[in-house]
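Protein chains: 2
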Amino acid sequence: MKKGNVLVGQSGGPTAVINSSLAGVFKTAMDRGFNKVYGMRYGIQGFMDEQYVDLSDYIKNELDLELLKRTPSAFLGTCRYKMPAIHEDRSVYERIFELLDKMDIEVFIYIGGNDSMDTIKKLSDYAILTGAKQRFIGCPKTIDNDLALTDHTPGFGSAAKYIGTSTKEIIRDCLGFSYQKKNVTVIEVMGRNAGWLTGATALSKGEDCDGPDMIFLPEVPFDLKKFKEQVEKLLKKKDVVVAAVSEGIKDANGTYICQLTAGSESVDAFGHIQMTGTASFLANYIHDELGCKTRAVEFSTLQRAAAHLASRIDINEAFMVGGAAVKAADEGISGVMVVIDRLSDDPYQSTTGVYDVHRIANDEKLVPRNWINKDGNYVTDEFIDYVRPLIQGDYQPMMVGGLPRHLTMNSKGYKDLYNADK
Amino acid sequence: MKKGNVLVGQSGGPTAVINSSLAGVFKTAMDRGFNKVYGMRYGIQGFMDEQYVDLSDYIKNELDLELLKRTPSAFLGTCRYKMPAIHEDRSVYERIFELLDKMDIEVFIYIGGNDSMDTIKKLSDYAILTGAKQRFIGCPKTIDNDLALTDHTPGFGSAAKYIGTSTKEIIRDCLGFSYQKKNVTVIEVMGRNAGWLTGATALSKGEDCDGPDMIFLPEVPFDLKKFKEQVEKLLKKKDVVVAAVSEGIKDANGTYICQLTAGSESVDAFGHIQMTGTASFLANYIHDELGCKTRAVEFSTLQRAAAHLASRIDINEAFMVGGAAVKAADEGISGVMVVIDRLSDDPYQSTTGVYDVHRIANDEKLVPRNWINKDGNYVTDEFIDYVRPLIQGDYQPMMVGGLPRHLTMNSKGYKDLYNADK
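These protein sequence lines are chains H and A, in that order.
Take the first sequence: its position 287, counted from the start at 1, is 287 in the working numbering, and no numbers get skipped.
Take the second sequence: its position 183, counted from the start at 1, is 1183 in the working numbering, and no numbers get skipped.
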């Protein structure tokens, strides 16, 4: 029997390897004899506006596939869209399934995090309710590593590798400058509720680097006064102090540290209340209290986009879960998310499994309290042992003109480039 | 006749390749039969406190030398110290030359930027005045690329490669998110007076990327209102707008843009006036005026420390100028800075020369006005053609445990590491 088509979408915050999962979906769907692989532009939101592409128009050969694996951010574009509950608004579902039928879609794959798994859950529920033929599979993706039931999420390893490397380079920079000058650097890392990424700054610790002096995760309440005392104590012993903080650290009352500035009504030139970053707030606070030179560093979107420093394990696993999603659907499964199971640490080995998406959607996996030290200002060796295998190996960018080359939907040919406006 | 010793120091802001010059000095001094190579800790300032090391204690084999070439920031530590004029305070000079004599120093090499060349100038002048035997050679180093008479400076190429790559990754990230949402990103790049680094964001422009929409260098006065109008106009045509700005852009009155916030008395929780960054100021301004989502990204110290993305050309040239400094001194020359002469663009070839340091010290090379477009909001093709060869090639980091390994003065052995405090 001739197989139908596959529809794949990307959703939520981009990562360095989300396109490797897209490549895995495409490759496996072609290998398994599906007819076409369509990509939703900007996730389910764009799809409802009938925005989609035929991926074979862009992935024409193995080089394209390899470029796609090395291209950060979402090739197809993503969205942040929460599906209404089925009983709230059936029209949204009717619209989607009408399109799926029209396009002869047999398999619907959504690459994303918590919210995206909610979409898979609702669509597969609706299919069961209505007896629709499509299968719905979730493919995990998030730098935050906060999805339940999977050992870790694709995207996390590369972000952790970037964060570990950059932290080491920043510490090195601080040390080069420290003669008779005390300086304190506060590094801000993404993570509103889960501290996985911030903990990854500890990867910089090793034979050639002491790592950050302190690491604060959102899992433990942050005490501003205690922080100052710890910095003060450290400055008595050493000239350079480096602290890493999650953007989402909160005090004991549950107030985000980054809101403390706004709370005290910092206004800019236009009377606009400023949401100063956490690191910048803490750097100013320490400068003010202790008088030493301070600096705030934010990794910003670079931590999720730095494909030039992706982890080989991560790119390969992202590709693997894409393929596993197609395989599961092809075997008749629906309403699941693909997970990664860790088989061993050294040598590191992993495989894929699937879990009912109802058990995963809208859940949030935090760093276990016993992987954070008693004082709440560092991660334990267990944490490092868990993360270390995920940052191993490199995936050499394809360098053109001195920069990594990416695959994009509107990559220009020589001719276009030379005629482009300056 | 037996040769004496070489003394080498590093000064000013660290770069990704300043240690490659140190490696070049060490290697050539050994090859040419000098006795010892001493390294000043924290430049001339630490040296006056008799802080120095014997480099052979740290560079014991070829692997160490290769690691040193790949280690960012200043291995020896740097300082920012301005020598007094000779007639102002001879005691400083007497102190230094007393130490040089005591240590049997024949050659004094200082790796640094404008200020460091001022040190070389004054020391070599003093040697002439007093008939001292030592030779003094400057070795160029600065990410800012603002030294006169040399085609470019070691450190610039690697910073430009990092900035071009990261800009491309940030633009890619912005595009992945843009469905029916306008967003404006402002990227802030180092450079108080010279726009070389900010111009390097244009390297991201190519077949797979449009590059930033606008680039503002400190060489041209910045017009806030015109900036807003340009952004507004661009947002009518496209959803994603990216602007790159130098930290040092100023308005027509010479006021730094980053001071505009402070000028209107933005205060934090502690009544402390905040020196908000330029990008953050502009992002807030655009958000306030146009209501769209905005984001500020600062490359911060990463742009000078990211050895993991160093340019091969740059590392090799940094090594070459270190060697050339020793060679010049060995041939009896003093009071000069080594420069890089570009021989050809394609294939790129360069060689070294020397110039009287009096012609270089305290001068500042800006981006020529005709390498910036008429509107003052982009660099020209001539600019790109000048920079492109300098970012070519990679120098693969030596990866250990998933991160680049560095050579450091207190690298711990296995034993130390396992006994270290957690």
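No lab work stands behind these hints, which were simulated from the structure alone.
By construction, the Cβ of each residue, glycine as well, lies at the ideal position given by its N, Cα and C atoms.
You may find that some hints are simply not true.
[Stated by the list, open to error] Rough simulated footprint, nothing fancy, chain H against chain A, three-plus residues with beta-carbon under 8 Å:
#, segment
1, 1026–1038
2, 1200–1208
[Said to hold, decoys possible] Part of the chain H face toward chain A, derived, beta carbon under 7 Å:
#, residue
3, Gly4
4, Asn5
5, Pro72
6, Ala74
7, Gly77
8, Tyr81
9, Pro84
10, His87
11, Ser300
Okay, the hints, checked on the actual structure:
1. 1026–1038: violated (count 0)
2. 1200–1208: holds (count 5)
3. Gly4: Not OK, violated: Gly4 of chain H not within 7 Å of chain A, min 26 Å.
4. Asn5: violated, 22 Å
5. Pro72: This interface hint holds because 5 Å falls under the 7 Å limit.
6. Ala74: Given a least distance of 4 Å, the restraint on Ala74 of chain H holds.
7. Gly77: At 6 Å from the nearest chain A Cβ, Gly77 of chain H passes the 7 Å test, so the hint holds.
8. Tyr81: violated, 9 Å
9. Pro84: Constraint on Pro84 of chain H not satisfied, violated at 18 Å.
10. His87: Hint on His87 of chain H: violated, closest Cβ of chain A at ~27 Å, above 7 Å.
11. Ser300: Hint holds; Ser300 of chain H Cβ to chain A Cβ min 5 Å, cut 7 Å.
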